[in-house]
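If you're matching them up, the sequences are chains F and W in order. Quick note: the first sequence uses the working numbering, first residue 5, plus one each step. Quick note: the second sequence uses the working numbering, first residue 807, plus one each step.
Incorrect hints may appear among the rest.
Not everything, but these chain F residues come out facing chain W in the computed CB check (under 7 Å) [said to hold, decoys possible]: (1) Val83; (2) Asn85; (3) Met89; (4) Met108; (5) Leu112; (6) Phe240; (7) Thr242.
So the derived label-pair ranges between C-beta atoms look like this [stated by the list, open to error]: (8) W:Gly887 x F:Arg118: 27 to 35 Å; (9) W:Thr1083 x F:Thr142: 25 to 33 Å; (10) F:Pro113 x W:Arg861: 17 to 25 Å; (11) F:Asp99 x W:Phe1018: 49 to 57 Å; (12) W:Phe1018 x F:Asp120: 44 to 52 Å.
No wet-lab data here; the hints were simulated from the structure. Heads up, the beta-carbon is just placed ideally off N, CA and C, and yes, glycines get one too.
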Amino acid sequence: MDANALMAIDGLSAHYGDFQALYDVSMRFPKGKIISIIGSNGAGKSTLLNSVMGIVKPSAGKVCFAGKDVTGKRTSAIVANGITMSPEGSSVFEDMSVHENLLMGAYLPEARKRKDSLLARAYEIFPALKEKEKQLATFLSGGQRQMLAIGRALMSDPKLLICDEISLGLAPVVVGDIYSRILDVNESGVTVVLVEQEVKRSLEYSDYGYVLVKGRVVMEGETKDLSEEEVKEAYFGTGKYA
Amino acid sequence: MELFVQSVISGVLLGGLYAAIGVGLSLVFGIMGLTNIAHGSFMILGSFFVMVFSRQLAGSIVLALAVTLAVMAAVGALTQGALINRVLDKGAEPALLVTFGIAIVVQNILQLIFGADFKSISSPFASVNVVSTKWVVISGEYLVNFLISAALIFILHFIIRKTWLGRSIRAASGNVTAAELMGVNTKRTYIYAMCLALVSGSVGGMLVGQTFGFYSYSGMSYLIIAFGVVVIGGMGSIVGTLIGGVILGVAQLLGAYFFGPGMQIFIGYLTLLVILTLKPRGLLSSMVRK
């Protein structure tokens, strides 16, 4: 992968007290691609994302975005560079309407100036949200919350969109629908990182894949070169990965 | 009967003033989960500023209030930015202790400068009765207190519900991480929130300064009223403080009507206790903080 990727993660480690959750993780997210990070529960996916987004302070390593070092910066300062994350469990603002949730996504000055066109785009990508515009987010279904979280993330007009566990707890047909929307988003020029437990779908939708096991990258490559069987062996620690 | 009607009307008007006393406390609790023990002392600091500035500014209470609000906003920013934000990450208790310390410092500085004498701010409406019939008397001062307080609550409600600042405040109060992911610097949001709280507290400070008077240590007794109002109305709810204030005000004056003036405060807090038993989270609790 090229050295001047949109995001470059080098030798990232993270600890919770004495427990080390990430070991020397390096990744490249090239511009315009869809990258998947696959791993089971406890593999360190969330820790990785939280370290990248400044929610957890990494203990070693470096995160660069568009050539700029953003390691350990305040989350809001990292977001201001054009990175956005749709958090796991789609944590939306419960006591705000769908409309207000989307507006929050356009909080930063650049996006705020263009909030009307961004809002129109979000409703175009997720028409289901338009119908629920005035409803409080707390009354949405799981799939609608996920759409809202992604729509809200897109309101900042990001260069890089990170989606944490989109498929978690959703019906397959809903997940398929959301994934196809993400392909549209990617085609409009946004680099996308999908973080998933589900091997098959991740490989199907992404250009490049990383497999994370116990805080380490154990496998990576172009998804066309990765076989589902081999990824599963790495994922579960069976076969030659046992 | 006349006295009963009079008690209810006066109670409602008094309740408006109570709401102005409590709303800043409610705001800070709703947004950062912090019980600001210094709220009453900051309020009285506002009273002193209005008193001093109105002497300097040819007795103009409006100008004095304007300058006071600007100064108190700066005090709020300094308090939050330099002190409370530093300890807020470590949980609610350290921050609570810091506000307790601030309360003591503010009271003692005020006593050092102004002594322990009772002060008051002159009000242009002090001896005017707007309505004066055989049945009821409505004092201009109480009516103006109520109207100013209601306007204050309305403005704060508007800011919280309809502006970018308000949305960022609600976002930060609901979910700090998600708010940061939207690009909201939550520490800065807390600073704005504290400014709003002290500005609204100073309006309350001016009104109590005109109506009841004050001295350097009055803050703590007003803090207790603020607690009552906020607990009845629901911690974190702006409109709730107006309702809480009115309930407390009416309860106190009806208590005085039925059981004599000595029972006024007691009946007020008995009502608080009853409401807490029935609705432990207060009547309204609009900002979600679990």
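Tell me if F:Asn85 is really an interface residue toward chain W, meaning its C-beta lies closer than 7 Å to one of theirs. The hint is violated - F:Asn85 has no Cβ within 7 Å of chain W, the shortest such distance being about 10 Å.
For the hint on F:Leu112, does the least C-beta distance to chain W fall short of 7 Å? holds (4 Å)
Does F:Met108 meet its interface restraint, that is, does its C-beta lie within less than 7 Å of any C-beta in chain W? Because about 5 Å separates F:Met108 from the closest Cβ in chain W, which is inside the 7 Å limit, the hint holds.
Is 25 to 33 Å respected by the C-beta to C-beta distance linking W:Thr1083 and F:Thr142? holds (27 Å)
Between F:Asp99 and W:Phe1018, does the beta-carbon spacing fit 49 to 57 Å? violated (36 Å)
Given the range 27 to 35 Å, decide if the beta-carbon distance of W:Gly887 to F:Arg118 lies inside it. holds (31 Å)
Honestly, do W:Phe1018 and F:Asp120 meet the 44 to 52 Å range at C-beta? holds (50 Å)
Mind checking the hinted window 17 to 25 Å against the Cβ distance between F:Pro113 and W:Arg861? Violated: the Cβ-Cβ distance is about 43 Å, outside 17 to 25 Å.
Chain W contact restraint on F:Phe240 - CB to CB distance below 7 Å: Interface hint status for F:Phe240: violated (31 Å vs cutoff 7 Å).
Against chain W, is F:Val83 within 7 Å by beta-carbon distance? holds (4 Å)
Can the hint on F:Met89 be confirmed by a CB-to-CB distance to chain W that is less than 7 Å? holds (6 Å)
For the hint on F:Thr242, just tell me whether its beta-carbon gets within less than 7 Å of chain W. Check failed: Cβ of F:Thr242 comes no nearer than 35 Å to chain W, outside 7 Å.
Going through the hint list in order, the structure does not satisfy hints 2, 6, 7, 10 and 11.
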